[in-house]
Amino acid sequence: MKVKPNIFVLSVSIIVVLTFVFSSCAPKAAPVATTGTTMAEETTLETETTLTEQAVVLEVDNDGTLEWDPATVWQKEQFEKMYPNIKINFHETPYKVHQETLLRMASGAQEPYDVWQITDEWLPSVMKTDILMPIDQIWTEDKLALYADWEKKAILDKDGNKVLVPVFGCITVFMYNTELLQSAGFQEPPKTWDDIVLYAQKLTKPDENIWGFVDTEESINKFWHWLLQAGGKPFNEDWTAAFNSKAGVKALEFLVDNRNKYKVVPLGAVTWMDEDQQMLFISGKSAMCVTWAFTIDRAANSEESLVKDKFSVASFPEGPGKTNATVYEDNHYAIPKTIPKEKLDAALKWLDYVSSYEAQVGMLVHEPGNYAPVPKAYDEPEVKEKVPFADLLKVNVENAQNVVPPNMGEVATILIAEIQQALLGQKTAEQSLNDAATKINEVVKQ
Amino acid sequence: MLRKEANRNEIFLFASYSIANSSMLKRKNVFFAYVVTLPAIIFLLLVVGYPVFYLFQLAMSEARVEAGSLNLKWVGLENFRILFQDQYFLEALKHTLYIVVTSIPVSVILALVLALCLDKIRRGRGIMQTALLLPWMIAPALGAAMWRWLYNDQFGLIDYVLRLIGVIKQPILWLSDPNVAINSIVICDVWQYTPFCTIILFAGLQNIPTDLYDAAGIDGANALQVFWYVTLRLLKTQILFVLLIRTVFTLRIFDYVYTLTRGGPGRSTEVLATYLYTTAFSFAKFDYSATIAVILLLITSVVALGYVMLFRGVTEG
Amino acid sequence: MRVPSTQWRIKAEIGKFIIWTILVGYTFLALVPVLWTLSTSFKPRSETLEMPPSLIPHNFTLDNYVKVFQKTPILLSLRNSSIIVAGTLFLCLTLGLLAAYGLSKFFNFNSQKFFLYFALATRAVAPAALVVPFMIIGRRLHILDTFLILILADSYMWLPFLIWLMKGFIDVIPEELVDASKIDGCSNLGILRRVIIPLSIPGLVSVAILIFIDTWNELLFAMALAESISVKPITTTMTYFYTDIYTVYGWMTSAGIVGVIPAVIFMLFFQRYIVKGVIAGAVKG
Chain A
11 MKVKPNIFVL SVSIIVVLTF VFSSCAPKAA PVATTGTTMA EETTLETETT
61 LTEQAVVLEV DNDGTLEWDP ATVWQKEQFE KMYPNIKINF HETPYKVHQE
111 TLLRMASGAQ EPYDVWQITD EWLPSVMKTD ILMPIDQIWT EDKLALYADW
161 EKKAILDKDG NKVLVPVFGC ITVFMYNTEL LQSAGFQEPP KTWDDIVLYA
211 QKLTKPDENI WGFVDTEESI NKFWHWLLQA GGKPFNEDWT AAFNSKAGVK
261 ALEFLVDNRN KYKVVPLGAV TWMDEDQQML FISGKSAMCV TWAFTIDRAA
311 NSEESLVKDK FSVASFPEGP GKTNATVYED NHYAIPKTIP KEKLDAALKW
361 LDYVSSYEAQ VGMLVHEPGN YAPVPKAYDE PEVKEKVPFA DLLKVNVENA
411 QNVVPPNMGE VATILIAEIQ QALLGQKTAE QSLNDAATKI NEVVKQ
Chain B
126 MLRKEANRNE IFLFASYSIA NSSMLKRKNV FFAYVVTLPA IIFLLLVVGY
176 PVFYLFQLAM SEARVEAGSL NLKWVGLENF RILFQDQYFL EALKHTLYIV
226 VTSIPVSVIL ALVLALCLDK IRRGRGIMQT ALLLPWMIAP ALGAAMWRWL
276 YNDQFGLIDY VLRLIGVIKQ PILWLSDPNV AINSIVICDV WQYTPFCTII
326 LFAGLQNIPT DLYDAAGIDG ANALQVFWYV TLRLLKTQIL FVLLIRTVFT
376 LRIFDYVYTL TRGGPGRSTE VLATYLYTTA FSFAKFDYSA TIAVILLLIT
426 SVVALGYVML FRGVTEG
Chain C
319 MRVPSTQWRI KAEIGKFIIW TILVGYTFLA LVPVLWTLST SFKPRSETLE
369 MPPSLIPHNF TLDNYVKVFQ KTPILLSLRN SSIIVAGTLF LCLTLGLLAA
419 YGLSKFFNFN SQKFFLYFAL ATRAVAPAAL VVPFMIIGRR LHILDTFLIL
469 ILADSYMWLP FLIWLMKGFI DVIPEELVDA SKIDGCSNLG ILRRVIIPLS
519 IPGLVSVAIL IFIDTWNELL FAMALAESIS VKPITTTMTY FYTDIYTVYG
569 WMTSAGIVGV IPAVIFMLFF QRYIVKGVIA GAVKG
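Protein chains in written order, with our numbering: chain A, 11 to 456; chain B, 126 to 442; chain C, 319 to 603.
It is possible that part of the hints are untrue.
Heads up, simulated BS3-like pairs for lysine-lysine below, C-alpha to C-alpha not over 27 Å straight-line [what the hints assert, rightly or not]: (1) C:Lys-431 x A:Lys-318; (2) C:Lys-389 x A:Lys-91; (3) A:Lys-386 x A:Lys-163.
Rather than coming from a laboratory, the hints here were simulated on the basis of the structure.
Quick caveat: nothing in here was measured; it's all calculated off a predicted structure.
Taking the hints into account, I'd like the entire structure generated from these sequences.
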């Protein structure tokens, strides 16, 4: 078979032409409009917009695609109505590379956005870089009073400046499958940890892939939940480990026994992500679990859910600590110090708006999967109507703690590895917690 | 036309006459040779030179991120000293080597078998080729997501089918059993890259002139001898090439490990690339991460060098 | 060969049977993930988590594909990917073929070794380490978020191997052919055009396929260097639904299938150029 060289040359030239034609009309980074007239030298908040201002385009970071953030879109619409001169341009940063992006922006490798969205998981490493701008002027006394106590501490940096504004949060809830429980003869959800074990043993049917109680430890916040419920606490004031206390051992042993002794947890759940736990629940194969509250929305509304009206939420079954304490994982906006002067005012306005009572209520109403650290908001009639289990959530929010140790990435990696080894039976619960504590104590000193 | 060409040749000859004694060149067209070869080399140099230099610099510094920039302070080999005492690094190294040593022979032998089979069939070759290549056409990120779902012990297809046909009673914990997890990753790696090896070996097989086979046949050789002396001999370049590429790629395996196990039950599947990544972006230790990257670079270079020396031995023989 | 013809034919038949079994068997096993992806993309979302899992959808639907086209700029990203791949192919093949030709026919073995070592050394660097430098360079030269920087980033990855591989293919071309055309009065470029290229078509095409697929699936640089949707290649769109807090498998698999189709088409079209006998024909004829 002979291939004529001419065809080859011809096709190559066509490709060349196409390449150059299209490369030359590829857009460069969009030019940013700046205010020409007003230069906000001081960082006080302007409450009126002057007509002589030109449009400011605020580059705002958004975690994940806007597909899942109807509340954010709603907030943007409201905001742009309030301030017609400010346009918000969201950058949908994929969750899996978000921490990368933040660190690259902080180290100058990437063009920084004007407003960053930081979840607790990434907060310590970003805080370490000292790049967040203090925004105390937004946090008036009235606003501060709206928020739960732990949130007031969560927004501070190491010098005590307020640098963050909450966007939304994740809280844990206890969910159960009403159908499965009822068919096993249980009319009421379990009230204590012993009840959980009792119920779960009756409910587990491995041949049908049905499991009584499923827990995953992808995020150490889950373990903190059990620790707090057992009456322990994660860290001391100086961030040295306090989780290897008796309470911690009790909590871990509860999880280990559920897997190895009572066998009510699928064995593979050791390396499951939170997503897998949710998937098992919404496919109707998991009777009880403690999971992030946005699973409520997923179970009730998503098309994949097979348990749409077959589940409910209850208050946490009581553990040895006899407390309602739980964890809250926060998500904040912050402004980097590298923000261009002309955009600072707009950015402050956005942050001010997002942390206002109306915006937080609106967020709850428009995106029932999110939760706000504003206890009063759960009493609003609109919220009670739109958000399922609002009362329970309010209780959880009031009792939640926000656990963000320094060098959280390393801490989490070490602790999760040790917990996994305990679950697999390679070490006893006490041993693995002690090992973790030794290693972590070295890490938090850095 | 001929007159012009003759002139040009004369000029070349003249120009290269003075360098005619150069042992570098087989032909005396110095100018042409360099013009033709250098653009590629220069391109590579430009693209890779600065980043590598920066990487080394970072690896030998203490890096602090401060409000929009990265500040470096020279510390020499301090990071390396810490690295070699780091238990996690040594384990990651061990796991990486395990994956390399397991995955590569399997996929290369598999690819050889498949390429030979493909060579022998006439009809349906096109469809077969495309079907064989499909695993490689799936982007690793996506492939990893699907495999994670498949490997799941509760709603994954693999355990379901195995239990259905009665091979196993309890689901195999592909990703949660520390002994199995790393092999699951090897399976994924073989699955994804065997097609790539197959196509190179297959193309190599096409390059072997058919008269060689006829000649061997006339000389009375049987199939096995033909295979060993003719086919394998002429495929040596391609085989070494495939081995080299696979090793280089597999040494830095990341997507599958990170998506399937995140470093695995109790860190039993942590590899160099994932350790590098978590150090940089989870622990925010860019300097340490660069140190790991440099080690990875050195290992890869040494291995590549080894292969190229083998290559020289082979082609000169 | 003095073997009775029936015995030989039986052996041939058994041989053929074995060969086909191996091929089909392996292909089927290897295609399970692909089939699973395909099947999930045609299942309605309510069926995704149904247990026991089934390979054949109970209710075949195209809804996922419709949603993907509605929610993502997938056609645009297909165009972007095509441009990037075309540019990469052009750059790589041009530079690479020339370099391979030069190395193979003009340099002694020692110097070949030197250049190859160097080329391979560049490949020893993990792409992840180059992301940040590329970003910095892109910003300085103002070519960030354009096709050019993506083409450069994707080209660097394959160039060394391409040179090496092409050199291997060109090496096999007999010297007599080259000398013959020299006698006919061909210039070096002429040799390239008339002799080398036609004879290395199988090699060229296989390498082109490799580059195509690897560039088409390239995610790391795509995510880091491309921002606007008029530049983002298909890989970012494919993973659009996977990189969120939780995955809608129906949409993710549909986007993935749409992204794979062009690669399959390319492969189907070009694989018939990898045929035996091109050299044999030239030598004889």
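Okay, the hints, checked on the actual structure:
no.: 1; hint: C:Lys-431 x A:Lys-318; verdict: violated, 66 Å
no.: 2; hint: C:Lys-389 x A:Lys-91; verdict: holds, 25 Å
no.: 3; hint: A:Lys-386 x A:Lys-163; verdict: holds, 18 Å
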